[in-house]
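Starting from the structure of chain V, add chain H with the ligands where the hints point.
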Amino acid sequence: MLRAPVMPLPPRRSQYGVAPELVRKRAAELPDMVSVLVRDLFPDAAPVIYPGENGLEMIREATRKQMEKVDLSMIKPGDSVNVLGSHHGFTLLGGAPYAEMLRTIRDVVRERTGCTDIRLRVGVGLRFRESEEYIKAFGLDEYYEGKAAGVAPVDEGVAIETEIGTLYGIKRIYDARWIIHAHNSDVREVHFHRQVDRAVKPFGMSYARIETRSTYHQNLGPRAANFVARAIFDSPFVQEKFACAVFLMMSPSGVVGVDADNDLYALNDRVTYLGCRDYGKMMTLLGEIDEAITILDFPSPVPYVFAAGVIFANFAGANRDLFDLDDPLPPYTWYTEAFYGEDGQPLIEGVPPVNPAIKVVIHNYAWGGYPSAFFTEHIPTIVVGREQAELLNRDPQNISYTKHTLLAEDLDTAVRFAKRVAGTDKILAFDGASGALNVSRSLGEYLLQKAPLVSRRVDGELLPKWLKQRGIDPSRFKIC
Amino acid sequence: MRAVTLYAVVDVDKCKGCTRCERVCPVLAIKVENKKAVVDPQNCLGCANCEQRCPEMAITMAPLEQSRVVHESLAEVDMAAVIDLCRRAHLHPKQIICYCTATRAGEVAAAVLRGAKSPEEISRRTGVRTGCKVECIQPVLRLLHAAGIAPERPARGYQWYGLTPTVWDIPEEVKKKYAQRGFYFDEDRKLLDSLVGAGEKGGE
Ligand code: SF4
Ligand code: SF4
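Top to bottom, those sequences are chains V and H.
According to UniProt numbering, the first sequence is numbered sequentially starting from 1.
According to UniProt numbering, the second sequence is numbered sequentially starting from 1.
So here's chain V without its partners, still in its complex pose (with noise of 0.2 Å):
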């Protein structure tokens, strides 16, 4: 069940990274290097409805129908609507199927209400030009006829009264009468929110100013936190804007649908399921892996790069089960990083390590714009190319990230020194395949049996546990 290499996306022209044709060479044209499909590790995985045979076409139809159910009779012809998105829509499989869902958005509530003031909002995280970048490639600015912006954290910024308090909104995401949250269940940081109310948080981050931001990463603590996004959503305020919720459904195997709602907290529901289910099995598997040399090589910041739908970041805190809310501390949040004192010792005692399993790291093609000198501050990493370490020299938010890293010439040099130094042939890449880990021979094997013992203690033991945290009972979704 080993097969070559799936070929990543081509890297990205973005002023974050390096000039695509500086990316000289890939992880997946190593030699040794398979690819073992999501399909082939959990067979019982949802099946995807993109990529595929239909292409776009596919989200397009799963919107439209997703939308039908969708009541928009409070929108009348002369008012505006927000459409919100978020930049992180856009790494997923290339941003085509969620770039596709935004216009098709704004197509159906455009015919079903007669309404023409329609805007595209895209929220960013750290870098401030990304989604400015996705509406130009994508040509969002033209479909939404001229009506689309990015938003930035720093923007203008309006206070939201809350049940603890007074937060923070992006004046430009709540400037009209009616909002719509396109989003997607992407699980990503999981570390930070825990896949609680996975749903609603970017109220608390793509559509939040800096106060909110930096209240849920400084402010409450690794679980609690995750009430900010909560907090501002139910506020009268965002109450009285909210339309309705549309999501671009995702696994590690791709886009497994489209889903809508007029009631978020029931859209809520089944992200958790969803993401507790496909993401919780292909994370715990990850967290069995003993040793890797790990390649960084996908058009994001250093955690966010992707293998499976799992993100870097995630990889370093799989000696942990991330979705346990018992476990207070994942290895790796702000949190976590905010407790290690400069002689680089914990602060307080059960701060848990990083990943033991990941031995080095080679950054062959990641961006900045995310603080990311925690990773190199905790594994030896080793930088290709000349070009990337100075991008992360000028970049504000790393000016210690190459304190602590090598630098090699070209990707098979540190692949040849990571595999001595380290004493494994194991080597795992987070090139953002799609449906596929590429990794080597070795790794895979591995992978493959390890995979249904992992799949059998998730749907037995974790999941069941995972979701009755959540306050969500497991029969409805079938499980006991």
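Everything labelled a hint here was simulated from the structure, so no lab data went into it.
Small disclaimer: the values here were computed from a predicted structure and weren't measured.
Check each hint, because a few of them may be wrong.
Residues on chain V that point at chain H, a partial pick, calculated with CB under 10 Å [said to hold, decoys possible]:
(1) Arg-127
(2) Phe-128
(3) Arg-129
(4) Ala-152
(5) Ser-214
(6) Leu-325
(7) Thr-402
Covered by chain V, per the in silico footprint, the following chain H stretches (three or more residues, Cβ under 8 Å) [what the hints assert, rightly or not]:
(8) 43–56
(9) 87–96
(10) 108–122
Taking CB as the label site, the calculated pair distances span [said to hold, decoys possible]:
(11) H:Glu-56 x V:Arg-416: 26 to 36 Å
(12) V:Phe-237 x H:Gly-148: 24 to 34 Å
(13) V:Ala-19 x H:Val-12: 27 to 37 Å
(14) H:Val-9 x V:Asp-175: 47 to 57 Å
(15) H:Leu-64 x V:Gly-344: 22 to 32 Å
(16) V:Pro-352 x H:Thr-60: 54 to 64 Å
(17) V:Pro-10 x H:Glu-56: 49 to 59 Å
(18) H:Lys-16 x V:Met-7: 18 to 28 Å
(19) V:Asp-107 x H:Glu-56: 27 to 37 Å
(20) H:Ala-62 x V:Gly-146: 28 to 38 Å
(21) V:Met-74 x H:Gly-162: 16 to 26 Å
(22) V:Arg-416 x H:Trp-168: 45 to 55 Å
Heads up, the beta-carbon is just placed ideally off N, CA and C, and yes, glycines get one too.
Quick look at chain H with the ligands alone, frame taken from chain V:
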């Protein structure tokens, strides 16, 4: 601590004088004069906030001929006062509060004790808020608040809006209402308290 290696350069032909850069600069180092943005290179910490938000793409970041380090020294400060201020803000002096610059609470507390009265002044002295510019405003405001200082917001600026709640402020009825939905308020408060109260390993 912040190593400063870059500074902002304005292309005056492109600048339309919209003042966006002035409103987002965390250290007030860029100002619009006669409808053109002007950078004070002595004070610019190279954070690229202005470059990232200028609607005209009129700003680029250029390397400084000589890099410098911005740092509030803890050498001659009353450490007991630093520890006390941090604890009142529910912070451990050695905990990182700015992930990009690895600035720790103690350094910011020292800046406050030495007279910094606003987030902008604190940023100028420690470099905090000049990396991602997003995540560290609350601990800065918490430390000022704990010192009894109510800073004044830059007029019309977007640098910051206000102090927000902490886990120590969550009303009991909110905790009760959401207890079954995966929000671990009391448990996380306990975790943060254990850090705040952790041994003087961090405080010395
Ligand atoms: S944001 Fe740009 S256009 Fe506006 S004043 Fe500053 S430099 Fe000029
Ligand atoms: S925003 Fe940052 S880069 Fe721009 S002038 Fe201010 S300190 Fe310098």
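Self-check item: Indices of hints not satisfied (ascending)
Solution: As far as the earlier hints go, 7, 10, 11, 14, 16, 17, 18, 21 are violated by this structure, in ascending order.
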